[in-house]
Every structure is written in C-alpha cells, then in structure tokens.
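Protein chains in written order, with this note's numbering: chain W, 1 to 321; chain A, 1 to 499.
Incorrect hints may have been included.
Claimed, not checked - Over 10 Å on every C-beta distance to chain W, these chain A residues come out as not near it, computed from the model: (1) I45; (2) I204; (3) E245; (4) S290; (5) L321.
Unchecked claim - Pairs of lysine to any residue, SDA-like flavour, derived with a Cα cap of 25 Å: (6) K109(W) x D202(A); (7) K108(W) x T463(A); (8) K350(A) x A85(W); (9) K61(W) x L55(A); (10) K108(W) x A25(A); (11) K303(W) x H133(W); (12) K308(W) x E321(W); (13) K168(A) x A132(A); (14) K108(W) x K428(A); (15) K148(W) x T463(A); (16) K136(W) x P17(A); (17) K350(A) x G189(A); (18) K57(W) x P57(A); (19) K136(W) x R467(A); (20) K172(W) x A201(A); (21) K428(A) x F220(A); (22) K64(W) x L51(A); (23) K282(W) x V18(A); (24) K109(W) x T194(A); (25) K350(A) x A229(W); (26) K109(W) x P410(A); (27) K87(W) x Y404(A); (28) K282(W) x G215(W); (29) K172(W) x A315(W); (30) K172(W) x L55(A); (31) K64(W) x S260(W); (32) K57(W) x L4(A).
Keep in mind the hints are simulated off the structure, nothing from the lab. The model shown is predicted, which means the values in this text are computed figures rather than measured ones. Yeah, the Cβ is synthetic: ideal placement off N, Cα and C, and Gly gets one too.
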Amino acid sequence: MPATRSCLTKLAGAALLLTASAGPLSAQAYPPDRITLVVAFAPGGFVDTFARIVGQKLNEKWGKAVTVENKAGAGGNTAAAQVAAAKPDGLTLLVTSTAIAINETLYKKRDYALDQLVPVAISVSSPETIATHPSKPGNLKDYLAWAKSNDINFASAGVGSGSHLAAEYFLKVLAKTPATHIPFRGGALSVQAALGNQVDMVASSFGIIPQVQEGKLKGLAVASQARVAAMPDVPTYTEAGFPFIAESWVGVFAPARTPSAIVETLHAAIAEVVADPANRTKLLGMGYQLHSRSVAETSAYLKDEVAKWGEMVRAVGVTVE
Amino acid sequence: MELLSNLGLGAAVALSPVNIALCFAGCMLGTLIGVLPGIGPIATIAILLPLTFGLDPTAALIMLAGIYYGAQYGGSTASILLNIPGESSAVVTAIDGHEMARQGRAGVALGISAIGSFVAGTIATLVIAALAAPLAAIALIFGPAEYFALMLTGLAFAVLLARGSVLKAIIMILVGMLLSTVGPDLTTGQLRLTFGARWLADGIEIALLGMGLFGIAEVFRSLEHGEARQIKEAPIGTLLPNRAEMRQSVKPILRGTALGSVLGILPGNGAVLAPYASYTLEKKLAADQSRFGRGAIEGVAGPEPANNAGAQTSFIPLLTLGIPPNAVMALMVGAMTIHGIVPGPQIMTKMPELFWGLIASMWMGNLMLLVINLPLVGLWVKLLKVPYRLMFVGIVIFCCIGVYSINSEPADILIMGGLAIFGYGLTKFGFEPAPLTLGFVLGRMMEENLRQALMISRGNAMTFIERPIAAAFIVVAVAMLTVGVLPSIRRGRDKVFTE
C-alpha cells in the first residue's frame, strides 16, 4: 500500500504542479480559434492601423486567423458595447482610443459599463498638441497675449474629441483665454484649415507633427511630460508654465471576465509587437510614445484617465446624449 | 526638364518586375471589386492592408492605388450594365450608360468609358507630375466659405441634372439633404432625426443609398416587367464605339478630364462633384438636350473621365499636404503609417522614389486597365444574357454582403431594403433618384462648411461675398439656376396654361 500511496502522492503532486502551471498551460492552448479585433472606428485612422499591425503579428505568432472588424458608431461606444457583451474567452477584443475614457463623462448613456471591460494594454500614445499658422505670433506666451485681444478660434477633429477637450480646457481654464471652437469632421480636415490659415489655431495629436517638421505649421505646446522627439523645438505646456498633460492613446480591451492568464498572454503578445525594433522605429518616428505598463498598471492608468478627462469634459461643459 | 528626369526616376521604380506585377494585381482586383455591386475599394484595401506588410512601401502603395482606380473603371461596368452605382461618383454614369445598355449599346458605353478613363488617367498623371505642388498650394486657399459656395454650385448642377420636372428635382435634392442631416450634429454632438434608433445614430452610409435606391430598386422595377423587358432581348450591338461615336466623345472626354482634375485637387473631397459637373456641362452644351437620359453617349463620355481624373488628382492633397481628401485616401494614410511613412509635405522631397514611382505607376495602371477592360467588354455584355431570375438573386446577395462589409451592422441591410422600396416608389411617381443622391452627398458637407464658415466669421454672412472665390462660385450658381431653371419653369407654366 505505501507504494501505491507514494504513487498517489506523486500523482497528486504532479496534479498540483499541473494546476499551478495551469495559467501558462491554458495560455498555451490559447487561442483555440479565430480572434476578432473589434475596432471602434472606421478604417484608415491610427486606431485601425494599430489594430491591423497587432492582428498581423498575432496571426504570425499563433497561426490562428485574426479578423479586424470595424464597428464605428456612437463615438466608439457601439464597438465597446459589443465587446462588453461578448464571451470572455479572449477571442473578441476591442481596439479603441482615449474616447473610451472620455465617453464615461461625455455620454449621458452608454450600452455598457466600463467595468464590463478589462484593459489588456495601453502602450502607444501621442500627446495633444496645439499649433498655428507660421504667420501668427511667436511662442505660446506671445500667442496667448495676441489671442486675448483678438478673440481667436481653434479647429479640432470634432466635439468631444480629445483634441477639442484638451485645447479648450487649456484655453478656458488654464490660460483664461476663451476661444471659439470650430469642429471639423476628422483631424485631417482641421489640420488642413490651419495650413490654409483659415483658423487661428489647430488642436490635434500626431497629425500635426509632419506639418511642424516641415515648417508649414508652428507648434505652440505639446501636452506631454517631455518634448516629443519628432518635433524637439516644441515646448511642453509645463515648460511654458502650464503644467498639463493630455495624451491620446490606443488601447486593447477584453471582456471583464476573461481569465487573467489569457489577459496576460495577450498583454505580452502586444508588448512584443510594440517592442519589435522595426515597429518601434516606425512608431517613434511618427511621434508616438511607447509605454510598457503591466496589466495592473494599465488598469490604474485607465482609472486616472477617466478621472482626468472627466474633469476636462465637465470644465469645458459638453455632453452628448 | 526636371519633370522629365523625375518621371524617368518614377518610371524606373514603377517598371521593376515586382511593381509591374503588383500594379497589375491591384488593377485586376480593383476592376473585379468595382464590377461586383456593393463591394467597394474601402473594404478591399482595408482587408489587404496587412498583406502589404512584407512589401516595400512603394510597391504596397502602387498596388493599393491600383485597387482604387481599378475600382473606378470597374464601378462604371456595374452602373452601366445593372444600374448599380456602388459609389456616388458612378450614379451619373448610370443615367445614360444604363439606358445605352438597354438599347443594346452596352458595349459602346463600356468601351467609351474605358477609353475615356484612360485618356483622363493619362492627362491627370501629367497634371500631378507637373503641377502637384503649386496646385496643392492653391487648394489651401479653399476654406469653409469657399467649400460652401462650391457645394452650392454643385446643387445648382443637381437641379439642371434632372431629366423631367425641375420641381420634382428640387424636391429630391431637399429629401437628399434631409437624409444627410440624420446623425450627430457637428457642433454639439447631439443626435438628430434618429427617432431614438441606435442604428441611425451615425447617419446613413452613402453606399446604402446607392445600392438601395438604384441597385435593389432596379431589381424591383425589372421584376415588375417580367423577363420580357430584359436587356438580353435587345440586340447586343457593336462591342466597341465606332468612329462617329468616338468623334462625338472626344470633347466630352477632354472637358470631363479638365473638370475632374481641378475638382479632385480640393482636399475637401471636391472630386465627388466632378461627374455631376461634367454631366451638366455636356447637357448644357448639347444641341439636343432631350437625348440626355435616353442613352446619350456624352452622358458617359464626360462623367467617366471626370470621375477617373478626380480619383487620380485626389492623390495630390495626400502626397503634397498629407491631407486625405476621402475615405480611400484616409486608408492610404493608414497604409503609409504601417510602413513608417508619415504622410505630409515632406514626401515629395524626402522620398522622391515613392512619389514619382507612384505617379508613374498610375499611368502604367491606366494602360493596364485599358488592356484589361477592352477585351472584357465582350464578356461583360454576355453577362447580360444571364437569365434575370438568376442575376437578380446575385445582385441582391452582393449588395447585402457589400453593405454588411462596411460596418458589420445588420440594421444597415434593413435600411438598404427600406431605401429600395422608397426608390421603387420614387420612380413610380416620376421622381429621379440621382438628384437625391447628390443632395445627400452635398447636404452634409454644405451644412458643415456653412456652419464652420459662419463660426469663423463670427456670424457674419458677408464672408461669402467678401471672399472672392466664394463670391465667384455663388455668382456661377445663381447664373446657372437662372439660365437653366427659368426657361423650364416658364415652359412648365406654359404647359400648365395650355392644358
């Protein structure tokens, strides 16, 4: 009997070992099937492009098909609601932007709650930037002095966009220089209006960088901790005397009850995509900032973001039904 | 001279075996998806984007661009043969092109549209090569006030576009504009005219309108008349345009090319106006206007080149300013991003191989498309012999797939169905769906530009008169309406009085 017993204990021990390593093991079995990346915006924007880069890499890595499904609508809420209601098996993921944090306060009602989703990775961001036509007055200080006496306007990608909120919050609350917001449909059109000197200022994120590099627009301030490598001459708001950070990011989310092992696996895979030297160079060259946050840090970051953007939404005073 | 050396550089890039093959693949694929009703270049390019990861960026862009202008060629095939314009630009071609097909002149219509598009493609390529930078600078003069005035001129076109009653055309434009206001308000983000329905929250997609009002409604109309009225009963006729028809088409092709090239440059998607503008121009210039809408070859020979030229010059704002003028160009930005290229003013100077290679490939692609399309004309015409009871099932299926592919939204298919019934009803009462489509396309842009212009001018409406370009467009619009509409109103009144 003792023999059997020891045998049993060994078995039990092995079983225990198995359970202990159940995380990585089941993660190895993941993904069992095709993965769907639900993109909250139309094809063509950076969120979509990022999703396709990630999708391609996941497909190469795991040999399972990855479908990118664009589900634009209600400022990203349609896609979020779809993934929030999806089976928590890690096969349906949401790729969205800062909008998901903004919408918590901006939208009066949504078809999902943010705690139905778990952030897998928020690893790419681009600071909100304001720029103006080169014919307009110099640095941020001179510009604001000029703006105060000129009742200026500024263009953005639309009402409630990160660019709109950050710029209006800065102008109204921090700089005490109210300006008329001129919304455009999409960031590109707002940049175009600034290029043609149709508006006094444009608020956007990475879209401004190539224009600033070529001297077609003059960067006034960038809302990041440190200056952006791609446009080193543009000071941060903090340097200009207005401590203010606002970044637009791309995040990947899973349904909240997705097993944490799967979330970790996905997190690691996305971290690999961003760490890939070729991708790194491309993203940095375009003016993106890359972050390595753990899953827990990402959750905490998201929470801060919801609070921060919420404060801006309330200060600016916009709501959407 | 610099132009020649630049084009030489471009040709050297474009003529590498890989790039030739990819250009051909793109053109072929573009033609195919253009022909299939409902599946547009946006979905195709989005799906193919990841496949270009491994390619050199120039090669990738050459292929994706090929899909785009290939789809412009193919799109005319579907509108001519089946009266299914997949995009708003093909709506105009359907008016006379489909009529020609019914009369057994499908081959002529397809042939002239391929030849016209090739001429337009060639000229537009040269325009881009020679004038891209200065043109882009001019395009920037266009602010919201200018765009609004331009759109107003466009609406004047829409009125003149009408085949029958001007009053009915105006009603249709207004309905189109009304439909375009569904969705979030630009300045407040509040939802309008959605009646609380979530599936209307982002407005109506233009492709739904095209496929519903034209494609599926056309199926209904054909069913009503049974197989007897089908096109296959008509003589197939000559496959290619004869000399007289070619002569008739030369000037419309050149005028259409000029219009398309100019409007395509505007970063605010001015290209959508090009086919409408060209059609109106041809109709106005024609000795016998009544032929239009009844299979006039100029109704295809003008708008098709205008469309293709506009598609091509719409690369100018993308390549010189980094501003994508339409959804397909926005995808090209995505494609560039994937390859680490930042679209912007620096492309031309810092990446001459990419810039000139892409331009040279456009001409090459247009040549390939001509070679692909002319022999296919016979095949497409034979397609009309497919019994309609089989064909319409195919049309409906492809339209549904196409609509679903846009936003994976089942409700969109229902909206398309509703629009189809609406479109069928419209023709029953003698209303034209074409002005409605233009009203829809222009309505949203007009409203947004009007509001932006007024916000910028702090509510001063004089901005439209003080800015010379805007003022010029408004004068043109008013003049066109007076010249074009007044006689027909008077005629209409006379008719009423004589009755």
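(request) Give me the numbers of the hints this structure contradicts, sorted from smallest to largest. (result) 1, 5, 7, 8, 10, 11, 13, 14, 16, 17, 20, 30, 32
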